[in-house]
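Let the hints inform the model, and build the full structure from the sequences given.
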Amino acid sequence: MRSKAIKKLTALLLAGTTAAMAAGCSAKPEDAATDFGGNGGGDGTVTLNVINYHVGTDYAADYYSYLFDSFTKTEEGKNVRFNFEEIPTTDAFNQKIKLLISSGTLPDIVLNGGNNIIEIAARSGKVADLTPYFDADPEWKALFDERSLEFNTVDGKIYGVPVSKEISYVYYNKDLFKKAGITPPETAFETWEEFFDACEKFKAAGITPLGMDTADSGWLSNLWFSALIATQNANGEKWMNTAYPTDYETPEVIGAAKKLQKMLAEYTTADAAGGKYDPMATHFFNGEVAMFPNGPWMIPDFKNTEKAPEGFYDKVGIMLMPKYGMSLVPTPGDMVGASDPTKIKAAVAFLKYETTVENQIKALEMTGLQPVSPQVIVPAELKANDPLMAEVLDIGAKAKTTYGQNQAYWYQNVIDAFSVILPDLAYYNITPEEFCAKLSEAARKN
Amino acid sequence: MKSKKKRTPFIHFLMLVTVFISLAPITWVFISSFKTYSEINSSALSLPASPSFKNYAAAFKYAPILKYFLNSAVIVGISIFITAAIVSMCAYVTSRFRFKLKPVIIALIAASLLLPAQSVSQPLFSIFTALNIFDTKIGLILVYSAMGIPMSFFVMFSYYMTIPAEIEEAAYIDGAGFFRTFATVVLPLAKPGLATTAILQFINIWNEFYFALILTSGDRARTVPIALNYYMSTFANNYSALFAAVILTVAPTILFFITMQKQVIDSLTSGAVKG
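Heads up: the sequence lines are chains A and B, in that order. Okay, so the first sequence: first residue is 1 according to my numbering, each after it adds one. Okay, so the second sequence: first residue is 1 according to my numbering, each after it adds one.
No wet-lab data here; the hints were simulated from the structure. We put the beta carbon where it would ideally sit given N, CA and C, even for glycine. Please note: incorrect hints may appear among the correct ones.
Computed list of chain B residues with no C-beta within reach of chain A, every gap over 10 Å [what the hints assert, rightly or not]:
1. S38
2. L66
3. K100
4. F154
5. I254
Think about it this way: if two alpha-carbon atoms lie no more than 16 Å apart in a straight line, the pair counts; the simulated EDC-like pairs of lysine to aspartate or glutamate are [as the list claims (entries may be wrong)]:
6. B:K54 - A:D424
7. A:K323 - A:E306
8. B:K61 - A:D62
9. A:K201 - A:D175
10. A:K259 - A:D197
11. A:K323 - A:D197
Below, the structure is given as structure tokens:
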């Protein structure tokens with residue numbers, strides 16, 4: 001009898017605990033708003049949902065924190081509140097944003113996560129056409145060059161507001177050039193032959209000439225590869241400025257693959273094949289490689305003593321790719337996912353604020369993001385504080401060939417294939433022709 | 001006697017190798033958690049030049065790891081319990097009895113093993129939003145419990161097949177009913193199988209990233225794998241803080257096992273039939 005009562009009591013307790021846990025697990029606090037697409041608040045405030053990937057160790061985390069915060073202190077933003085969902089890393093962000101596009105539940109402001117999703121978003125009909133807002137504010141529209149706006153246009157309608165330009169070139173270690181007895185070119189090596197002669201001299205002096213990698217997207221190798229293709233001739237330049245190419249078996253691409261194979265096999269560190277960006281960057285910081293391709297976002301790292309030795313900033317010089325090449329890509333812009341007119345208006349106000357001349361300079365100062373507007377004049381004080389950044393801004397004007405790079409222009413599966421088969425190219429397991437054929441094969445699957 | 005003596009050093013050697021394989025990764029992460037970014041990238045196997053707890057402070061700065069750790073513990077614990085409860089009964093019936101739709105049920109469970117997570121993400125997202133369980137722990141618990149069923153089912157199915165049916169027959173002869181036979185005779189004998197499913201479930205759920213990402217939007221239900229992403233970003237990985245965060249999230253589990261290992265081993269080795 002007693003045992004039965006205990007059993008009943010235990011069963012009741014178990015059921016109660018389970019119910020309490022279920023209720024506790026599913027309960028939402030009152031401030032938890034996951035209301036994508038609702039209306040503005042009745043008290044005049046508008047709450048905008050934003051998925052923010054500039055969090056954690058992201059290079060622009062501090063800048064975006066400043067940007068959102070300072071907007072709410074402006075006249076246009078004083079009634080705007082932000083409801084953030086944090087998603088660390090652009091990979092995770094891009095995964096989620098694609099799901100939200102297909103489910104039609106986009107946040108009110110869709111930040112650009114690197115991948116070009118403008119076309120998918122525009123064709124889904126879930127993002128606002130911003131053309132009327134640009135037309136209504138000619139001063140704002142005039143901030144952008146035609147190419148940047150065109151990059152964010154689908155079927156004649158502008159869907160994205162470009163916030164920066166992506167450029168890349170070559171950093172070099174002045175001490176290592178001196179040690180190898182090589183005078184660094186003022187702007188760029190005149191030819192690739194001169195560049196390879198310098199590589200031979202570095203090798204003879206016991207210095208590894210180049211920083212390269214293959215893992216993730218093979219970012220560093222891709223920068224060399226893009227330059228090799230674009231600076232060969234007019235066809236190469238045209239090919240590198242074509243979005244989503246499917247034929248990689250052109251003479252220019254195959255020629256570039258041959259040189260890339262040589263660079264991977266002879267002129268880079270032993271851990272490049274299979275290696276990720278970070279250890280390769282550390283080789284450069286530690287003065288173990290002479291030349292390292294990358295963009296301006298790397299400059300703050302030269303002063304970061306956690307990463308580079310004290311005084312490293314002063315040892316770094318900047319040059320264009322051989323034959324005066326430079327990767328210059330308009331970026332996919334930020335979009336508006338709101339459907340309510342009040343929210344659209346508030347979101348556009350934020351995007352206008354994000355692209356003011358002052359904030360473009362602030363972004364340059366805090367993150368190295370290159371101003372998208374040709375109208376931006378960088379203050380002399382900033383140039384004096386950061387001479388390398390000033391050099392970047394100056395050297396860009398000397399480029400004779402500008403071109404896109406694969407993360408912006410290639411299909412994602414081709415970028416993945418490039419990274420996967422690069423080690424085979426480095427170890428001569430495949431020929432440059434086979435390498436290019438595999439890239440074509442991947443591209444044609446799209 | 002002589003051959004036993006000869007075998008002992010070999011067994012000791014094998015044990016040493018096993019211990020090394022088990023401990024080396026976590027030891028490496030632990031040592032690296034005291035190194036600087038530059039030291040980690042320059043030489044993976046070197047010792048830290050000047051060890052400090054700076055990385056642990058950074059780990060707390062970038063992400064709410066303790067909150068995410070507690071979320072993981074609750075979600076993983078309840079999911080394992082639900083999966084084990086369902087699978088222990090389902091696998092018992094399907095392994096012991098013949099009934100009409102048995103092959104169909106087994107085939108359906110096997111087929112669900114082949115479903116990629118991405119293919120169900122869109123419907124799950126819509127259902128969760130409609131049921132108002134988006135961004136809740138219970139949502140993730142439901143998904144993880146369901147996800148664990150197919151693999152756990154086959155582990156338990158195979159395990160029940162190894163238990164002699166005569167033991168159950170003896171219980172029936174002694175007057176035990178179906179449920180009592182299952183609960184007091186079969187289930188205790190199946191503890192090692194249940195432990196295997198629990199461990200496999202634990203590993204799968206603890207490391208699961210995709211559903212934790214798409215079915216949540218805030219701190220109240222997000223789990224450890226998402227927290228670890230806070231230390232990774234293009235051109236700005238902070239491996240030092242990442243390793244410190246890994247240690248902080250793994251240490252409680254290891255400590256729990258060390259303090260509770262006697263009870264865990266006892267529970268696995270005790271059965272219904274006493275020797």
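Exercise. Enumerate the violated hints, using their earlier numbering and listing them in ascending order.
Key: 1, 6, 7
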